[in-house]
Amino acid sequence: MTGELVAALAAEHAAIYGYGVAGAQLTGATQEAARQAEAAHRTRRDALLVRLTADGASAPPAEPAYALPFPVTGPVAAARLGVHLEERAAAVWRRALVATTGPTRRLALDALVDCAVRATRWRRVAGVSPATVALPGTP
Amino acid sequence: MQTRDHDQSAAGAGRRRLLAAGAGAAVTALAGVSGCGLLRPDPTPTPSPDPLEPLLAGAVALVTRYEAVIARLPQLAGRLAPLRDAHLVHVSELAALIGRPPPVTGAAANPATAGSAPPNPATAAPATANPTTANPAAADPATVPGAVAELRGAELAAQRAAAEACLAAPARRAGLLGTIAACRATHAEVLR
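Residue numbers (this note's numbering), protein chains in the order written: chain A, 1 to 139; chain B, 140 to 331.
FYI, nobody ran anything at the bench for these hints, they're computed from the structure. None of these values were measured; they are calculated from a predicted model. Be careful, since some hints might not be right.
[Said to hold, decoys possible] Pairwise CB distance ranges, derived in the manner of DEER restraints: (1) A:P69 to B:P309: 45 to 55 Å; (2) B:L215 to A:G127: 14 to 24 Å; (3) A:V128 to B:L215: 12 to 22 Å; (4) B:R239 to A:P69: 35 to 45 Å; (5) A:T101 to B:G217: 36 to 46 Å; (6) B:G238 to A:T2: 28 to 38 Å; (7) A:G127 to B:S187: 25 to 35 Å; (8) B:G285 to A:D55: 42 to 52 Å; (9) A:D55 to B:S187: 16 to 26 Å; (10) B:Q214 to A:V128: 19 to 29 Å.
C-beta atoms are modelled at their ideal positions from N, C-alpha and C, and glycine is treated no differently.
Go ahead and model the full structure; you've got the sequences and the hints to work with.
See the structure below:
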């Protein structure tokens, strides 16, 4: 299970970084949404670090910077980055479900659900329709 | 779809679990016979249904529910059709995971009249699989806000059901069940 959780940790690090970039392009309510999303990913990252440490696994630190999937200039691109970050995190958390049981699967499930809901919110901000997908976290 | 291999092996796992459950029931029955010594009905011939059958029935019931609202309030069709279609995907994926043909849903059976009654008694949702969230104080379901609120309540209840199934499931089934829980949460989000 450690490999899947380390992948989830990497996605959480990337999401935290990405929301810093997105937030700089947003104002008002959407900037606040980005700030809350970043805080949620920090909380999830911390829970994951506790779990990995308890398992005696090594927990890779965050990179100084992450490549962005496209140039993030302006609020629409920032919202699309939010969709991208959440979809990537949802995918790794979905894979973690299969590799975990008990409280760790609960952690992965809660993360998958939260990422899917935030992806939906960012799709609406970005004007993507429909804002939902049938199988979140599935390519 | 990339889940097909898993579906095959998941169906096998389901059968193995059924066999194990049958064996357990037989042991229990023997213990009962030796304990009181007299005739008991043979408990072994009926195999237990797949534990995901209630979730499948719940997904069918959601399709039916959306069809009914769309038929009653066609102005909601554009907003609700993608959500109904997602539930149809879930019906198909769950049936594949269980290893049986997808049940006929309201949409496929009769789009014009699919309404309050489940289309097929074999797939009718037990009350626990599709708990009604009707609140006496909620808005009238004949109105757009009332219908949307009712669907949102159904999605939240269905999300909980899928989450519980995910947490209880063997590994091969956990991914799809978690994904369905997440999808239902996003539906509740857009029905706010």
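Comparing the hints with the structure gives:
no., hint, verdict
1, A:P69 to B:P309: 45 to 55 Å, "violated, 35 Å"
2, B:L215 to A:G127: 14 to 24 Å, "holds, 20 Å"
3, A:V128 to B:L215: 12 to 22 Å, "holds, 20 Å"
4, B:R239 to A:P69: 35 to 45 Å, "holds, 40 Å"
5, A:T101 to B:G217: 36 to 46 Å, "holds, 41 Å"
6, B:G238 to A:T2: 28 to 38 Å, "holds, 31 Å"
7, A:G127 to B:S187: 25 to 35 Å, "violated, 48 Å"
8, B:G285 to A:D55: 42 to 52 Å, "holds, 49 Å"
9, A:D55 to B:S187: 16 to 26 Å, "violated, 35 Å"
10, B:Q214 to A:V128: 19 to 29 Å, "holds, 22 Å"
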